[in-house]
Amino acid sequence: MNIRYADVAVGDRLPALVKVPTTEQLVRYAGAAHDFARIHYDHAHAVSRGFDGVIVHGLLKAAFLGQLVTTWCGPDAWVRRFGVQYRRVDLPAQPLICHGKVVAKHEEKGQPAVDLELWTENPQQQVTTKATATVVFGAPQEVGE
Amino acid sequence: MRVGESLPPQPVQVTLADVVRWSGAVDDYTPLHFDAAAAKERGLDGPVVNGPWKAAVLARLVTDWAGESATLTRLSCRYRHPDLVGAGLTFGGTVTAVTPAGGVDEVECELWVEDGEGNRTVTGGATLHVRRAQAAEPADPAEITLVTEELTAALRVGEEAGRFTYPITVADLDRYREAVGDPALGHEVAPPAYFGALDPVERRELQIDPTLDLVPYARTGGGNAFNEVEYERPLRAGDVITVVTSYTDVYERDGRAGRLLFRVRTNHLYDAQGALVARTRMGHVLAFDLGRRIA
Chain D
0 MNIRYADVAV GDRLPALVKV PTTEQLVRYA GAAHDFARIH YDHAHAVSRG FDGVIVHGLL
60 KAAFLGQLVT TWCGPDAWVR RFGVQYRRVD LPAQPLICHG KVVAKHEEKG QPAVDLELWT
120 ENPQQQVTTK ATATVVFGAP QEVGE
Chain C
0 MRVGESLPPQ PVQVTLADVV RWSGAVDDYT PLHFDAAAAK ERGLDGPVVN GPWKAAVLAR
60 LVTDWAGESA TLTRLSCRYR HPDLVGAGLT FGGTVTAVTP AGGVDEVECE LWVEDGEGNR
120 TVTGGATLHV RRAQAAEPAD PAEITLVTEE LTAALRVGEE AGRFTYPITV ADLDRYREAV
180 GDPALGHEVA PPAYFGALDP VERRELQIDP TLDLVPYART GGGNAFNEVE YERPLRAGDV
240 ITVVTSYTDV YERDGRAGRL LFRVRTNHLY DAQGALVART RMGHVLAFDL GRRIA
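Note that the protein sequences, when read in sequence, are chains D and C. Taking numbering that gives the first Met the number 0, the leading residue of the first sequence gets 0, the next gets one more, and so forth. Taking numbering that gives the first Met the number 0, the leading residue of the second sequence gets 0, the next gets one more, and so forth.
Worth flagging that the hints you see were computed from the coordinates, not collected in a lab. Virtual Cβ for every residue (Gly too), placed ideally from N, Cα, C. Among the clues, some could well be false.
Stated by the list, open to error - Partial pick of chain C residues on the chain D-facing surface, computed with a CB cut under 10 Å:
#1 A24
#2 W64
#3 G66
#4 Y175
#5 R176
#6 V179
#7 A192
#8 E201
#9 N223
#10 V228
#11 R280
Claimed, not checked - A short list of chain D residues far from chain C (calculated; beta carbon distances all over 12 Å):
#12 Y4
#13 A5
#14 V9
#15 E23
Stated by the list, open to error - Stretches of chain D that chain C covers, calculated by requiring three or more beta carbons in the stretch to come under 8 Å of a beta carbon on chain C:
#16 91-102
#17 110-121
#18 127-140
Construct all of the structure, not just a fragment, from the sequences and the given hints.
Structure, rendered in structure tokens:
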């Protein structure tokens, strides 16, 4: 799907993305991102750190929000800026709902751009991750020569 | 921990599944480790257990034994004899020295792997920094500063901490997308959060935790606080990215969980032509209990 810049309006909501991370997914992410912090796959270790069990990688939640954005904007736009703040931990086997909305339209180095606010929500409707992103429409300008 | 103390010996029956998992995890597909015919050509009676796998089991033996208050700072192994897959091995170790050093005890261990005949097929050593827990002493939290000149110097704030080169392939991106559950497989453009997979600290290639032994309070928690990226262009399959990491900020503030120590590192990501592709800021937070001073 490619959304057209002209069709984007401030206040638009992105179609929500629901993820239910599994422990297998955490292990797969650990392998794919080379992040082997034990808190994400070793139950006994997580309990010794005071959690109910292993916790979802912050950067995996960032990746979910990234998927929310790229699914919405399509391959003809690209993410120039992306910032994520981790507010609460999330546990696997619980729904994690990824939300987003358009907060501004502007130009970024002469190209049309959109600013987004993004967040993940747990089943208690608490915001567990807050993020912002700037999406640029059109091809990236090549750097260097 | 005292000199002469034994680490609990760990018997392991090595299976072919163990070495195949290891081959996949480290991307080392030398047939000697899983192909009986290849092993026979080399004059061995069967596939040979990977040396670094044995080192990894020894490291785990040490860290499980030492517990949360210890940081492994050195590990060395000498592979003396091959072990065949299927062998019953025993992993063990002994404490050889305990030396107080600043806020920690420096603990030296001798490590070994023994086969069924009692031959030591691996010998090695490890060093641990073990933080000491002590009774609380009254102190005014307002007068306590965690960010000392010593800590700032140990983190080498503002200086290059390391540089690492990571090639990006379509297979890397697809493995990542499969892990995330993103159906857009095969795309050459990397997902926006992929910068997180190119962080030398998350990948444990840049070790910085030993510097925290300089903080003389009990650590009660922590994790990533924030991640930010600004791209000049998207990362793509085919890129060979050199990541230059430096610590750019260390600060503290009081929070619900105690005194919070933030360490912010900045990565500059360059492509093979030396052009800047992205800048990232990675913020990590640790909580300390100022009522529990150690050492």
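For each hint, the structure was consulted:
no.: 1; hint: A24; result: holds (7 Å)
no.: 2; hint: W64; result: violated (14 Å)
no.: 3; hint: G66; result: holds (9 Å)
no.: 4; hint: Y175; result: holds (4 Å)
no.: 5; hint: R176; result: holds (8 Å)
no.: 6; hint: V179; result: holds (4 Å)
no.: 7; hint: A192; result: holds (4 Å)
no.: 8; hint: E201; result: holds (5 Å)
no.: 9; hint: N223; result: holds (4 Å)
no.: 10; hint: V228; result: holds (5 Å)
no.: 11; hint: R280; result: holds (8 Å)
no.: 12; hint: Y4; result: holds (18 Å)
no.: 13; hint: A5; result: holds (23 Å)
no.: 14; hint: V9; result: holds (21 Å)
no.: 15; hint: E23; result: violated (9 Å)
no.: 16; hint: 91-102; result: violated (count 0)
no.: 17; hint: 110-121; result: violated (count 0)
no.: 18; hint: 127-140; result: holds (count 3)
In this structure, the hints that do not hold are numbers 2, 15, 16 and 17, in rising order.
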